[in-house]
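Trainee: One letter stands for each residue in the lines below.
2 protein chains.
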Amino acid sequence: MSFEVVPQSMPFADPLPLRSGASIRDYSLAYETYGTLNADKSNAVLVCHALNASHHVAGVYAGQPKSEGWWDNMIGPGKSLDTNRFFVIGINNLGSCFGSTGPMHANPDTGRIYGADFPVVTVEDWVDAQARLLDALGIQTLAAVMGGSLGGMQALSWTLQYPERVRHAAVIASAPNLNAENIAFNEVARRAIVTDPDFHGGHFYEHGVVPKRGLRIARMIGHITYLSDDVMNQKFGRQLKADDLRYSTQDIEFQIESYLRYQGDKFSEYFDANTYLLITRALDYFDPAGAHGGDLRAAFARATAKFLLVSFTTDWRFSPARSREIVKALLDNRRSVSYAEIDAPHGHDAFLLDDVRYLGVVRSWFERIAAELETSR
Amino acid sequence: MSFEVVPQSMPFADPLPLRSGASIRDYSLAYETYGTLNADKSNAVLVCHALNASHHVAGVYAGQPKSEGWWDNMIGPGKSLDTNRFFVIGINNLGSCFGSTGPMHANPDTGRIYGADFPVVTVEDWVDAQARLLDALGIQTLAAVMGGSLGGMQALSWTLQYPERVRHAAVIASAPNLNAENIAFNEVARRAIVTDPDFHGGHFYEHGVVPKRGLRIARMIGHITYLSDDVMNQKFGRQLKADDLRYSTQDIEFQIESYLRYQGDKFSEYFDANTYLLITRALDYFDPAGAHGGDLRAAFARATAKFLLVSFTTDWRFSPARSREIVKALLDNRRSVSYAEIDAPHGHDAFLLDDVRYLGVVRSWFERIAAELETSR
Chain R
912 MSFEVVPQSM PFADPLPLRS GASIRDYSLA YETYGTLNAD KSNAVLVCHA LNASHHVAGV
972 YAGQPKSEGW WDNMIGPGKS LDTNRFFVIG INNLGSCFGS TGPMHANPDT GRIYGADFPV
1032 VTVEDWVDAQ ARLLDALGIQ TLAAVMGGSL GGMQALSWTL QYPERVRHAA VIASAPNLNA
1092 ENIAFNEVAR RAIVTDPDFH GGHFYEHGVV PKRGLRIARM IGHITYLSDD VMNQKFGRQL
1152 KADDLRYSTQ DIEFQIESYL RYQGDKFSEY FDANTYLLIT RALDYFDPAG AHGGDLRAAF
1212 ARATAKFLLV SFTTDWRFSP ARSREIVKAL LDNRRSVSYA EIDAPHGHDA FLLDDVRYLG
1272 VVRSWFERIA AELETSR
Chain B
912 MSFEVVPQSM PFADPLPLRS GASIRDYSLA YETYGTLNAD KSNAVLVCHA LNASHHVAGV
972 YAGQPKSEGW WDNMIGPGKS LDTNRFFVIG INNLGSCFGS TGPMHANPDT GRIYGADFPV
1032 VTVEDWVDAQ ARLLDALGIQ TLAAVMGGSL GGMQALSWTL QYPERVRHAA VIASAPNLNA
1092 ENIAFNEVAR RAIVTDPDFH GGHFYEHGVV PKRGLRIARM IGHITYLSDD VMNQKFGRQL
1152 KADDLRYSTQ DIEFQIESYL RYQGDKFSEY FDANTYLLIT RALDYFDPAG AHGGDLRAAF
1212 ARATAKFLLV SFTTDWRFSP ARSREIVKAL LDNRRSVSYA EIDAPHGHDA FLLDDVRYLG
1272 VVRSWFERIA AELETSR
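Respectively, the protein sequence lines represent chains R and B. Per the working numbering, the very first residue in the first sequence carries number 912; after that it's consecutive. Per the working numbering, the very first residue in the second sequence carries number 912; after that it's consecutive.
Repeated chains share a single entry, so a pair holds when one copy, or any two copies, can fit it.
Restricting the straight-line Cα-Cα distance to at most 30 Å, the calculated cross-link-like pairs of lysine-lysine (DSS-like) are:
hint, residue 1, residue 2
1, Lys1239, Lys1146
2, Lys1177, Lys977
3, Lys1146, Lys1177
4, Lys1123, Lys1177
5, Lys952, Lys990
6, Lys977, Lys990
7, Lys1123, Lys977
8, Lys1146, Lys990
9, Lys977, Lys1152
10, Lys1177, Lys1152
11, Lys1123, Lys1146
FYI, nobody ran anything at the bench for these hints, they're computed from the structure.
Work out the full structure, taking the sequences as your base and the hints as a guide.
Mentor: See below:
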């Protein structure tokens, strides 16, 4: 069993200005910490989450032995990111539905539930909010920031928005921006949610309903893009649910259908529809090269951190080629970069799974950071 | 302008037994023919259609100059499949919404619109129905059968169901069966349609509505899988619709979103929801190796036709690897096979587009067949 952890919440009264021009005030951020902050506060590691995750990165809650955090295989005492050496912070982003202020909370200006009126947030806004949490915790500089997928984008953005506050950045299964196909899948998922009659323009809370039909479709699409063709064929192939065909367009015939419907149903029970819209939009918008005419090299000129990039060969959502774009832009700026391309069959999901080479690379990288911390004392 | 054509319809009173165990009677098949059947009836070529197509394969309708058939670039006087030499037959499959008997027609047993009660049809059933049309037209043997994508599956199935009636088969951008990912995308599209409240269990006609929300989502998903990553990035990339970001989760920000919504809207105006379910299911079920324990070589032992296989490098829906499986199975049976793998950026859609190498390969193949016909006279 993993170690016990306790979720915390930090309130912020002051307005946080957002990239959209709007701002948000009287919000709170849910977070967890593991390990001990050292005396000179130099061993903090911030872990950023992806679409369907939260501040509950590692450990379990008291009395809930199966409540492991989403990166519990990576983070903990003696693990790749060793909480005996590092003070690890997990944070839930603004607009999420797992504890931080989001669309299902009340707007302090109106007293009504935000719903679709929750301001659109960007990766940059999230990083600003994360920086305020560090301020509140008295941490000036991060030993490292780390994230996978959308979390990797936040780690990248940290090195550009607060270069002086982050010494290392681990960017895993990520990309410098979404391509047209990525945006396309996000848009189909959003349309499925928004056109569900139970969405009610994003104010479904008032109607006592949830746009589950749309959420199910969104999650099914997501799952297809998380898995590789290989692993899908290996796990499901053309296996039938029953011994014989039923000759039906609506009943389940194939195991892959059963799997996807189950994933969709489960997701629609707990994920907030407005949060799904916000998070996919934050993904769409992220594009640090955009402000430099598409020149990623120019964008990374401000970064001073040392980087670890990891990609997975069968990840077709954020392919290795996208990670290599980042590696090249960093090398063109003569930055320190370690890059591992892991030959794994699991597609995008690989960043959450156990792979000894992958976990070993991250372990070695953090061991070097720990050694640097020892030396600098 | 292309040549003028006239759609026709052939009624069939006798019941057609279907693979599901059901049967269908008093149905009609819409078809078109181009060119002239020769005296010994040896120059007939049957063209089978894919998901969103019909019997209107080539030419235009009188007074409708923009009504070109879906393969008009391939088929016509002097074209790759030359209607000056061949008698070409286009046929609309059972269950379609473009003229042949389908879910929006009345069930002769009840007098009510079939709707979701239209029997589930398979590729094999379609081929049986096509064979009856040939019988009615007095054609015993096809010079060739040809199709792309799902149409290619029908061409394949012809060579297995009626080996003595088909001398050549052109199988373009197709596969020996769907893999798990293909089925997964079909299932998401079906769930989007079936869970649209306007679907009414498939009997929406009686309610005067159409499940447009579901159809839109289905078509958007389809379009993503028809295009390659390359061509999407080239055509749309991250181009914005307006000069500035709107910071909205529901408004259109990116051109790719605009394109997909337009395609979805257009499709939902004319395509029947029950037909979409039936056709995607026929795709799912097709698996000629299934009856031989998955051994495609054994499945093709009965085929005697000469084959042309064509695939496109960036087609990730039916990748070249899938076509090569068919080529290998045919070669293992010492069958005559020509195979062209066309380096084209357009993804699955390439089979409908102009590519001189592709159109040239098909032209050469049919020229050889025409020469054989001359020799055998």
